[in-house]
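Novice: Single-letter residue listing:
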Amino acid sequence: MDSKKLIELLETMLRIRHFEEEVGDLAARRKILGSVHLYIGEEAVAAGVCANLRQNDFITSTHRGHGHCIAKGGEFRFMMAELFGKTTGYCQGKGGSQHIANFDLGILGANGIVGGGMPIASGAGLSIKMRDTNQVAVCFFGDGCCNNGVFHESLNLASVWNLPVVYVCENNQYALSVPVKQSSLIQDYYLRKDAYGIRGCKVDGNDVIAVYEASKEAVERARKGEGPSLIECKTYRWRGHYEGEFDRHYTYRTKKEIEEWIEKCPIAQFKGYLIENNIITQEKIDQLEKEIQRELLEAVAFAEDSPAPKPEDALAGLFENE
Amino acid sequence: MREISYADAVVEAIEEEMDKNEEVFVIGEDIGRYGGAYFANPKLWNKFGDERVRDTPISESAIVGFALGAAITGMRPVAEIMFCDIMTVAMDQIVNQVAKMRYMFGGNVKVPLVIRTPIGGFHNSAAQHSQSLESWFAHVPGLKVVMPSSPYAAKGLLKTAIRSNNPVIFFEHIQLYRQKGPVPEEEYYIPFGEANILREGKDLTVVASAVMVHRVMNVANKLEKKGIQIEVIDPQTLCPFDKETILSSVKKTGRLLVVHQACKTCGFGAEIAAIVAEEGFDYLIDSIQRLGAYDIPVPFASNLEDYTIPNEQRIFSAITEFLGK
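Chains as they are written, first to last, in our numbering: chain A, 1 to 322; chain B, 323 to 647.
Take these hints with a grain of salt, some might be off.
As the list claims (entries may be wrong) - The calculated lysine-lysine pairs, modelled on DSBU-like cross-linking and capped at a C-alpha distance of 35 Å, are:
1. B/K547 x B/K586
2. A/K129 x B/K544
3. A/K224 x B/K369
4. A/K224 x B/K365
None of these hints come from the bench; they were simulated from the model.
Based on the provided sequences and hints, a complete structural model is requested.
Specialist: Right under this line is the structure:
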């Protein structure tokens with residue numbers, strides 16, 4: 001992989017990390033209301049996968065979706081405005097954190113229902129195949145989705161129809177509080193690929209290059225008409241299930257476990273790798289982060305300064321006029 | 323005018339729209355070479371093949387969700403769920419995804435998706451194949467709800483549904499599939515939100531949908547011999563709902579009875595009654611009456627089923643008792 005691409009991967013991860021830290025802070029200060037589910041610790045997955053996608057490729061995302069949106073090209077200011085419930089947000093304040101979508105960027109929406117996006121991404125794959133457009137659809141979902149009926153319905157039918165869909169399981173090891181080992185006898189969900197006769201693999205979800213390489217292969221296969229794949233990325237969520245969970249996450253996991261995973265930070269690891277291989281300097285990284293931070297502050301100001309919707313705007317947009 | 327069956331009218335509507343627009347395709351169970359669970363009409367599959375007439379495994383969430391994913395990315399799917407009772411299996415996709423997507427995403431997406439599903443009943447199909455669940459869907463903002471009672475309406479409304487950029491739940495009725503009626507050769511569309519006055523009368527307004535329209539019309543003939551003239555209105559679409567036609571009828575008759583196959587409690591009749599009570603109270607010279615199925619699952623045995631869902635005798639008695647005649 002060339003240096004430019006490697007630095008882009010780092011930049012995407014940093015963009016996600018900074019955005020999420022800012023959102024966490026804003027949520028704590030009650031500047032952002034409602035549930036926000038942060039992606040901190042899992043950045044390598046969205047960054048590694050989306051680096052293989054074109055603007056007109058599709059993704060579906062989850063309740064923990066900010067990272068996917070950023071990696072697919074979502075702009076800070078429109079995302080932030082949405083989180084603030086402003087008219088300038090991606091959904092004009094109608095969606096909020098769990099429903100950000102932008103069809104121009106191929107983002108078919110985050111989803112508040114676990115598994116909700118699986119058949120939708122698959123249907124986008126069907127549409128690609130029927131329209132013969134050489135696009136790819138990527139479906140992001142968590143380990144919590146793997147035991148929901150739509151997982152089976154979607155992978156099964158997508159494999160029967162040989163659809164250009166890449167199913168990316170972000171196994172952060174807990175479905176809210178219930179660990180994978182309590183949810184399935186088989187700990188590696190990617191093994192289910194064999195049940196559908198499709199390709200698939202397991203990767204270290206904190207290793208952005210590994211995620212990039214695995215999804216590159218899957219995206220290329222999909223684009224060539226060679227059908228769907230199932231990639232499982234083992235990773236970990238640093239924060240609570242949602243901001244506001246506070247220390248309740250110690251009811252289902254230990255401080256030690258969280259600290260061990262923070263040690264395996266995907267961004268720190270990748271920074272170290274890039275510096276060690278003389279691909280980027282610490283100074284350059286600092287500069288990059290400073291720029292991201294500046295853009296973020298602008299986005300927050302944009303969101304704060306943007307007009308709130310009028311109450312009666314609530315009534316608009318249910319149906320297209322006909 | 324030629325007469326064709328309700329089932330053939332449905333197939334013809336889909337065929338015409340598929341001919342016109344390559345984005346239109348059908349997806350569902352047993353709709354291919356088998357020709358549909360009730361239709362025995364493989365015309366669409368014969369003409370358009372596997373690619374555009376997509377038989378699926380028994381995966382209702384996938385049928386609806388795949389159709390939705392296709393609809394928002396450039397296709398115009400017509401999905402079929404074999405019974406409306408089975409819509410329950412796909413409820414997340416219908417209620418949380420299909421219905422909400424456009425609004426939730428700030429109005430920035432079109433959802434040109436039709437979900438066709440038949441209502442059963444009256445043929446010993448028992449509790450899980452005889453429900454009429456239209457009020458569930460009318461209760462969810464973001465869905466158009468259509469319920470044709472004739473071949474003419476089925477064709478014209480389905481063509482409108484397929485042309486629509488909004489999601490439509492299209493309820494057909496298994497008991498009506500074989501019924502024939504006049505359908506012009508020329509193309510036509512029936513707009514949503516226009517009730518159909520099937521019979522004019524001065525004594526009572528009766529609102530009914532789907533099969534109940536036919537039962538009420540038969541009863542109307544018998545009542546006429548007794549000197550009672552009822553006005554029969556089929557709303558045709560529950561969302562949008564043409565309340566003006568019903569209000570102006572009640573203004574004329576002063577009385578309202580709603581008849582539906584669905585069980586009475588929280589049936590769509592409750593909504594119609596509430597609308598008339600709110601907006602037409604001054605027109606009323608009597609209380610509003612509702613006649614629906616008893617609030618029990620539909621039983622199997624013929625006489626039990628016949629007792630449960632309003633039959634002509636019950637409709638007749640309800641009206642004569644209501645009018646005190």
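Novice: Are the hints correct? Go through all of them and say.
Specialist: To see whether the hints hold, each was checked on the structure:
1. For the proposed pair B/K547 and B/K586, the alpha carbon gap of about 29 Å is at most 35 Å, so the pair holds.
2. Proximity of A/K129 to B/K544 is assessed by CA-CA distance (about 57 Å); at most 35 Å being required, the pair is judged violated.
3. Between A/K224 and B/K369, the direct Cα distance comes to roughly 29 Å. Compliance with the 35 Å bound is thereby established for this hinted pair.
4. This hinted pair checks out: A/K224 and B/K365 have alpha carbons roughly 33 Å apart, not beyond 35 Å.
In this structure, only the earlier hint numbered 2 is contradicted, and the remaining ones agree with it.
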